[in-house]
Amino acid sequence: MYIEIVKQIRAIISQDGITAGDKIPSERELSDRLKVGRSSVREALRALELLGLIETRRGEGTYLKDFTEHHLVELLGTFILESEAKKVDLVETKFELEKTLLQLLVVKNTSSIVMEQLKDLLTSPHFTHDEFFKLVSVGTENKLLQRIWGLVSTYSQTFITNLNLNRTLYERLIYSLEQNETNEVLNIYSQIFSKFVDSNKT
Numbered sequence: 001m002y003i004e005i006v007k008q009i010r011a012i013i014s015q016d017g018i019t020a021g022d023k024i025p026s027e028r029e030l031s032d033r034l035k036v037g038r039s040s041v042r043e044a045l046r047a048l049e050l051l052g053l054i055e056t057r058r059g060e061g062t063y064l065k066d067f068t069e070h071h072l073v074e075l076l077g078t079f080i081l082e083s084e085a086k087k088v089d090l091v092e093t094k095f096e097l098e099k100t101l102l103q104l105l106v107v108k109n110t111s112s113i114v115m116e117q118l119k120d121l122l123t124s125p126h127f128t129h130d131e132f133f134k135l136v137s138v139g140t141e142n143k144l145l146q147r148i149w150g151l152v153s154t155y156s157q158t159f160i161t162n163l164n165l166n167r168t169l170y171e172r173l174i175y176s177l178e179q180n181e182t183n184e185v186l187n188i189y190s191q192i193f194s195k196f197v198d199s200n201k202t
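The sequence shown runs 1 to 202 under the UniProt record's numbering.
Certain hints may be false.
Label pairs and their calculated CB-CB ranges [to be verified]:
{"id": "1", "residue 1": "ASP89", "residue 2": "PRO125", "range": "30 to 36 Å"}
{"id": "2", "residue 1": "GLN15", "residue 2": "ASN180", "range": "51 to 57 Å"}
{"id": "3", "residue 1": "LEU169", "residue 2": "VAL138", "range": "16 to 22 Å"}
{"id": "4", "residue 1": "GLU29", "residue 2": "ASP120", "range": "45 to 51 Å"}
{"id": "5", "residue 1": "THR154", "residue 2": "GLU184", "range": "25 to 31 Å"}
{"id": "6", "residue 1": "GLU116", "residue 2": "LEU186", "range": "20 to 26 Å"}
{"id": "7", "residue 1": "ASP89", "residue 2": "ALA11", "range": "20 to 26 Å"}
{"id": "8", "residue 1": "THR154", "residue 2": "ASP16", "range": "23 to 29 Å"}
BS3-like, lysine-lysine: derived pairs with alpha carbons at most 27 Å apart [as the list claims (entries may be wrong)]:
{"id": "9", "residue 1": "LYS99", "residue 2": "LYS87"}
{"id": "10", "residue 1": "LYS134", "residue 2": "LYS195"}
{"id": "11", "residue 1": "LYS87", "residue 2": "LYS195"}
{"id": "12", "residue 1": "LYS65", "residue 2": "LYS143"}
{"id": "13", "residue 1": "LYS119", "residue 2": "LYS195"}
{"id": "14", "residue 1": "LYS143", "residue 2": "LYS119"}
{"id": "15", "residue 1": "LYS99", "residue 2": "LYS119"}
{"id": "16", "residue 1": "LYS7", "residue 2": "LYS35"}
{"id": "17", "residue 1": "LYS99", "residue 2": "LYS143"}
{"id": "18", "residue 1": "LYS134", "residue 2": "LYS99"}
{"id": "19", "residue 1": "LYS134", "residue 2": "LYS65"}
{"id": "20", "residue 1": "LYS35", "residue 2": "LYS23"}
{"id": "21", "residue 1": "LYS23", "residue 2": "LYS7"}
In short, the hints are calculated from the structure, not lab data.
The model shown is predicted, which means the values in this text are computed figures rather than measured ones.
The C-beta atom is built at its ideal place from N, Cα and C for all residues, glycine as well.
Using the sequences provided together with the hints, build the complete structure.
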């Protein structure tokens, strides 16, 4: 349902002539205009904020962001919000992006510092799949890939919430990265992602 509400909010922004830096209607006003519950509006606004299209300023309200220099955000954001069916495309894109990040990390023979950071993360209570790959993306030193992965990963959090982490697989992944064993890296990652997909079928 919130996908449709997102589209309606974008239509209101266009109809009201709201441009970058302008304040958008409040949650209550949007709820009244769209005749939907505030919780649904809140969920839609969260999706737009995750995509980097709006920003909430504490005590001030919500504003349309200036993404004229970041057309990738608008392009991917609009695509992702087209329909619920795009979730499948998003998961597949996440899979391919993370494989690419791992391959690039092997090719660049990244520093031991990144490897130590990954190992430290494994023992941290804050360890998550996305935190792991955030470090991997930084290790590639490819700013564009970091941005694309960050966008896809952040938005996927709105519907992918159940992931049973097998730390042993991540330990093996780190070891294979250190040994520059590309085939083994991809094999282990495929196992991780299979569990990732299976845990979200329920």
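Outcome of the hint check:
In this structure the supplied range 30 to 36 Å holds for ASP89 paired with PRO125, their Cβ-Cβ distance being about 33 Å. Between GLN15 and ASN180, the C-beta spacing of about 55 Å keeps the proposed range 51 to 57 Å intact. Taking 16 to 22 Å as the suggested C-beta distance range, the pair LEU169 and VAL138 conforms, at roughly 21 Å. Here the CB-CB span from GLU29 to ASP120 is close to 46 Å, well matched to the stated 45 to 51 Å.
Taking the beta carbon of each, THR154 and GLU184 are about 29 Å apart, inside 25 to 31 Å as hinted. Separated by about 23 Å at the C-beta atoms, GLU116 and LEU186 satisfy the suggested range of 20 to 26 Å. Between ASP89 and ALA11, the C-beta spacing of about 23 Å keeps the proposed range 20 to 26 Å intact. Here the CB-CB span from THR154 to ASP16 is close to 27 Å, well matched to the stated 23 to 29 Å.
A distance of roughly 19 Å separates the Cα atoms of LYS99 and LYS87; the hinted pair therefore holds under the 27 Å criterion. Note on LYS134 and LYS195: the hinted pairing holds, with a Cα-Cα distance of about 19 Å set against a maximum of 27 Å. Taking the CA atoms of LYS87 and LYS195, the gap is about 17 Å. The hint holds against a cut of 27 Å. This hinted pair checks out: LYS65 and LYS143 have alpha carbons roughly 21 Å apart, not beyond 27 Å.
Restraint check for LYS119 and LYS195: satisfied, since their Cα atoms lie roughly 21 Å apart, inside the 27 Å limit. About 23 Å separates the Cα atoms of LYS143 and LYS119, which keeps this hinted pair within 27 Å; it holds. Straight-line distance between C-alpha atoms of LYS99 and LYS119 comes to about 19 Å, which keeps the hinted pair within the 27 Å bound. A distance of roughly 14 Å separates the Cα atoms of LYS7 and LYS35; the hinted pair therefore holds under the 27 Å criterion.
Simply put, LYS99 and LYS143 have alpha-carbon atoms about 16 Å apart, close enough for the 27 Å limit, and the pair holds. With a C-alpha separation of about 13 Å, the suggested pair LYS134 and LYS99 falls inside the 27 Å cut-off, and the hint holds. Distance hint between LYS134 and LYS65 is fulfilled; the C-alpha atoms sit about 24 Å from each other, no more than 27 Å. Straight-line distance between C-alpha atoms of LYS35 and LYS23 comes to about 21 Å, which keeps the hinted pair within the 27 Å bound.
Straight-line distance between C-alpha atoms of LYS23 and LYS7 comes to about 18 Å, which keeps the hinted pair within the 27 Å bound.
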